[in-house]
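Novice: Sequence:
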Amino acid sequence: MAQLQRNIKYTNRDFNTFRNALIDYSKTYFPSTFNDFSPDSTGMLFMEMASYVGDVLSFYLDNQIQETFIQYARQEKNLFDLSYMLGYRPKVTTAATVDIAIFQQLPAKVVGTSFVPDFDYALKIPENFQLTSNENSSIKFITEDVCDFSVSSSQDPTDISIFSLSGTNPDRFLLKKTRKAISGTINTTTATFGTPSKFPTFDINASNIINVLDVFDSANNEYFEVLNLAQDTVFTTKINASYTDPNAVQDDAPNLLNLKQVQRRFTTRFLNSTTLQLGFGAGTVSDTDEDIVPNPDNVGTGLAFSKDKLTAAFSPLNFMFTDTYGIAPANTTLTIRYLTGGGLQSNVASGTLTNFDTAGIVFVNPNIANNTLANTIFASVATNNVLAADGGQDADTIEETRQNALGSFQTQLRTVTQQDYLIRALSMPANIGTISKAYIQPTKVAEYGIGELPTILDMYVLSYNATKQLRTASSTLKQNLKTYLSEYRMINDSIKIKDAYIINITCEFDIIVLPNFNNNNVILSCIEALTEYFAIDNWNINQPILLKELSILLDKVEGVQTVTNVLIKNIAGASKGYSDFSYDLNAATNNGVIYPSVDPMIFELKYPQADIVGRVVPL
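For the sequence shown, the numbering used here gives the first residue as 1, with consecutive numbering after it.
Heads up, some of the hints might be wrong.
What the hints assert, rightly or not - Here are the simulated DSS-like cross-link-like pairs (lysine-lysine), alpha carbons at most 30 Å apart as the crow flies: (1) K176 <-> K77; (2) K176 <-> K198; (3) K124 <-> K478; (4) K482 <-> K176.
Said to hold, decoys possible - Ranges of calculated distance between the beta carbons of each label pair, as one might list FRET restraints: (5) L271 <-> S32: 53 to 63 Å; (6) Y595 <-> F409: 26 to 36 Å; (7) T332 <-> N371: 44 to 54 Å.
It is worth saying that the hints were derived from the structure and are not from the lab.
Just so you know, even glycine gets a beta-carbon here, dropped at the ideal spot from N, CA and C.
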């Protein structure tokens with residue numbers, strides 16, 4: 001007897017459709033075997049249990065499929081994994097940077113007939129010199145370089161001025177040096193490795209991890225961070241002796257760049273916002289590459305590193321155990337230093353980095369006696385940040401991570417188009433700062449008088465302060481950006497980093513309110529809608545203002561009968577907390593559109609509570 005062909009439905013996805021399909025199936029193919037479809041029957045018990053299992057499995061299958069696509073992934077771990085696959089490193093925090101002025105006093109001494117600073121009392125302040133914000137003790141900064149007051153050069157000048165007089169003669173001199181500082185706190189952890197294993201990992205669990213500073217093993221061998229384990233060379237720097245030697249011809253390069261081949265290396269990747277994983281290679285120190293993967297050309301040559309004969313079959317898997325992917329740490333303890341901190345709150349205001357830790361500060365001359373004068377000079381050290389810190393930013397949101405990853409994949413670690421430059425600028429590593437707004441265009445004709453130069457690009461940038469208001473980027477941040485872009489730009493491209501103009505505006509509006517609506521409540525709702533509309537995240541450089549769009553927005557607010565007027569005004573003046581730049585909005589308005597200027601600029605409604613004014617007018 002031929003077997004009955006069953007009609008099976010493959011489109012059922014939830015509990016009810018599974019249940020109904022099972023009931024229909026039973027009625028169709030087993031009408032005489034089972035016909036009790038009451039809710040309390042044993043048969044319905046099994047049908048609903050099967051429907052329950054099918055519903056749960058469908059949910060997890062759908063969810064797992066969704067999490068494999070970066071366009072739809074919602075779980076942080078999956079989104080991070082997909083981002084790395086596309087070549088983008090998610091940001092869990094971004095460090096702010098700032099220039100720190102460091103001061104010390106020196107006693108005066110007589111040389112011939114002149115009073116000069118006594119550099120025997122010069123101090124040396126170590127790298128990673130720690131400063132603390134006097135407004136928030138949890139916000140810390142560290143300097144990147146040593147500050148030696150006994151050395152002055154064209155690249156590291158020391159400003160000297162008279163601090164005090166004894167009669168008409170100098171008694172004390174004031175010395176000043178400037179150092180770049182980055183927000184963050186240095187943390188240390190250790191990782192112990194025993195028997196060698198291929199590709200071991202170690203997880204650092206902490207909040208707001210910026211980057212790994214250095215890794216050393218028990219024998220003081222350094223491990224170097226690379227993009228991938230197949231990368232066996234890194235750039236290293238060492239101090240240029242001619243730069244710091246006052247007796248030599250002053251060089252303009254403080255450090256010498258060197259390409260170094262390294263066996264000990266590691267990669268880093270964020271598993272989630274609080275876990276940074278370090279990955280190491282698969283090679284072993286005990287076995288040479290020649291032992292693991294013999295070179296047939298060397299067999300029988302009699303060389304020290306060669307083999308007389310091959311006695312065993314060769315496995316291609318042996319390549320995984322060579323130094324090709326770096327040496328795996330074994331029977332050692334790694335000391336790992338890493339930096340935490342950053343975020344929007346690290347964009348501290350000017351004049352707030354005046355507290356510091358004196359640990360590590362020493363006299364350059366070790367023979368300076370511990371006396372009253374020495375103690376006074378030591379206590380004269382002071383710090384200050386003339387400008388506000390910038391570049392700090394909180395972690396990427398889920399959507400920011402998604403869009404940045406997609407954009408990064410398009411650029412393929414190179415900058416060819418203008419869009420490539422923008423994506424690369426906005427995805428700078430967190431430890432060197434963050435650009436908040438960017439705009440790029442070929443250098444204009446007027447600047448050179450020979451027509452547009454597409455290979456010379458002008459990038460206009462801005463950054464945020466601690467309260468997410470626009471400000472011009474510091475020279476340090478712009479230099480970091482230029483250096484960063486130089487690694488990706490085409491060899492014939494030249495890029496100049498410039499400041500975009502900030503045009504602060506106010507918004508005034510008049511409305512007629514519907515009957516039975518409270519005037520104040522409607523005005524507040526309108527102000528709230530405009531505040532969201534003018535939120536700085538929604539605005540880019542050279543974006544125009546559409547007055548019609550503002551009228552439509554207000555018209556949609558509940559209680560508004562008619563929008564009678566919307567007026568945008570320019571407000572300027574540093575004394576009021578605004579940009580100093582003025583802009584003729586009337587001249588820039590055409591057909592209800594306020595256009596930006598020829599010079600790249602951005603409109604900013606800085607203080608919504610004060611800069612948005614609404615009125616109710618009679619019908």
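Novice: Is the Cα-Cα distance between K482 and K176 30 Å or less?
Specialist: holds, 27 Å
Novice: Does the alpha-carbon distance linking K124 and K478 stay inside the 30 Å limit?
Specialist: holds, 28 Å
Novice: Are the Cα atoms of K176 and K77 separated by 30 Å or less?
Specialist: violated, 47 Å
Novice: For the hint 44 to 54 Å, verify it against the beta carbon of T332 and that of N371.
Specialist: holds, 46 Å
Novice: Is K176 within 30 Å of K198, Cα to Cα?
Specialist: violated, 51 Å
Novice: Could you see if the CB distance from L271 to S32 stays within 53 to 63 Å?
Specialist: At 58 Å between Cβs, range holds.
Novice: Please check whether Y595 and F409 have a Cβ separation lying inside 26 to 36 Å.
Specialist: holds, 34 Å
Violation of the numbered hints given earlier is confined to hints 1 and 2; the remaining hints are satisfied by the structure.
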